[in-house]
Amino acid sequence: MSALARVVSSEWLKIRTVRSSLWFLSGATAIMLLTSVLQADDGDPSAVASTASVIGSTQYFVQFLAAAFGILAITAEFASRSITVTFACTPSRTRVLSAKALVVATSVLVAGVAVAGLGLLAAAIRLGELGDLTGGDVALVLRLGVFLALLATVGLGFGGLFRRTAGALSFVLFLLLLMPELLGLLAQRFGWSWLETAIDYTPAPAGYALVQGDWFFGGVLLIWAVGLVAGSAWVLRRRDV
Numbered sequence: 001m002s003a004l005a006r007v008v009s010s011e012w013l014k015i016r017t018v019r020s021s022l023w024f025l026s027g028a029t030a031i032m033l034l035t036s037v038l039q040a041d042d043g044d045p046s047a048v049a050s051t052a053s054v055i056g057s058t059q060y061f062v063q064f065l066a067a068a069f070g071i072l073a074i075t076a077e078f079a080s081r082s083i084t085v086t087f088a089c090t091p092s093r094t095r096v097l098s099a100k101a102l103v104v105a106t107s108v109l110v111a112g113v114a115v116a117g118l119g120l121l122a123a124a125i126r127l128g129e130l131g132d133l134t135g136g137d138v139a140l141v142l143r144l145g146v147f148l149a150l151l152a153t154v155g156l157g158f159g160g161l162f163r164r165t166a167g168a169l170s171f172v173l174f175l176l177l178l179m180p181e182l183l184g185l186l187a188q189r190f191g192w193s194w195l196e197t198a199i200d201y202t203p204a205p206a207g208y209a210l211v212q213g214d215w216f217f218g219g220v221l222l223i224w225a226v227g228l229v230a231g232s233a234w235v236l237r238r239r240d241v
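Numbering follows my numbering, in which position 224 of the sequence shown is assigned residue number 224; successive positions increment by one, without gaps.
Check each hint, because a few of them may be wrong.
Unchecked claim - Estimated spans, in silico, between C-beta atoms of each pair:
1. R16 <-> L182: 35 to 43 Å
2. R237 <-> D214: 31 to 39 Å
3. S2 <-> R237: 42 to 50 Å
4. W192 <-> S80: 19 to 27 Å
5. W192 <-> G167: 27 to 35 Å
6. L142 <-> S82: 33 to 41 Å
7. L185 <-> L13: 43 to 51 Å
8. R239 <-> W194: 20 to 28 Å
9. K14 <-> E196: 16 to 24 Å
10. T94 <-> G136: 38 to 46 Å
11. W194 <-> P91: 40 to 48 Å
Keep in mind that the hints were calculated from the coordinates and are not lab data. From a predicted model like this one, the values you see are computed outputs, not experimental measurements. Here a beta-carbon is modelled for each residue, glycine too, at the ideal position from N, C-alpha and C.
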């Protein structure tokens, strides 16, 4: 087994045994099912045939859970000081962070696809249109899983940069909620049309575009994730624990 594979195995064990994993899975499932069923009750007969209406209504809330999960994957270790043991066993901090990113992304991808699928099925059953689901619906669920996995990796990157849950979560919330609004206000105030274009390249709008089928913005979100994890690795190599 390679050195990276051993670290990945260790990180996978952590993910499976920490409470944040259960909280994420339980919260995401509850939100997905509740929102999907409520939307199915709104009387819109196209709610399942056009699954963007089902998935889009759940995406807004579940994205915060995914980001928080990624953050806690590393800040919880800093808070408990167990990160010192991790780095003592694996001195290469880049390898540790790479393993964390791989495990976090894979875990959230699988969980995200699973809970999105449950939400879609719940809405379809509620509407009595279970037999009308198409391959496009399945693809939409898969894209949502990819979005959540990349966003969790973004959260991991911020967690490594800030080391504290509160600081990392505050900045992620700013990035997801306030940055698009702030850029929009600046664009209107100063007439900078390029800022309106820049809004589409921030994580939340890029993620929404990905879920609706634009894989170009999946690449944009991937750049955010890789860039933040790389920046976090650079910072970790230069800081004491």
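Hint-by-hint comparison with the structure:
no.	hint	result
1	R16 <-> L182: 35 to 43 Å	holds (39 Å)
2	R237 <-> D214: 31 to 39 Å	holds (35 Å)
3	S2 <-> R237: 42 to 50 Å	violated (21 Å)
4	W192 <-> S80: 19 to 27 Å	violated (45 Å)
5	W192 <-> G167: 27 to 35 Å	holds (29 Å)
6	L142 <-> S82: 33 to 41 Å	holds (34 Å)
7	L185 <-> L13: 43 to 51 Å	holds (46 Å)
8	R239 <-> W194: 20 to 28 Å	violated (35 Å)
9	K14 <-> E196: 16 to 24 Å	violated (42 Å)
10	T94 <-> G136: 38 to 46 Å	holds (39 Å)
11	W194 <-> P91: 40 to 48 Å	holds (44 Å)
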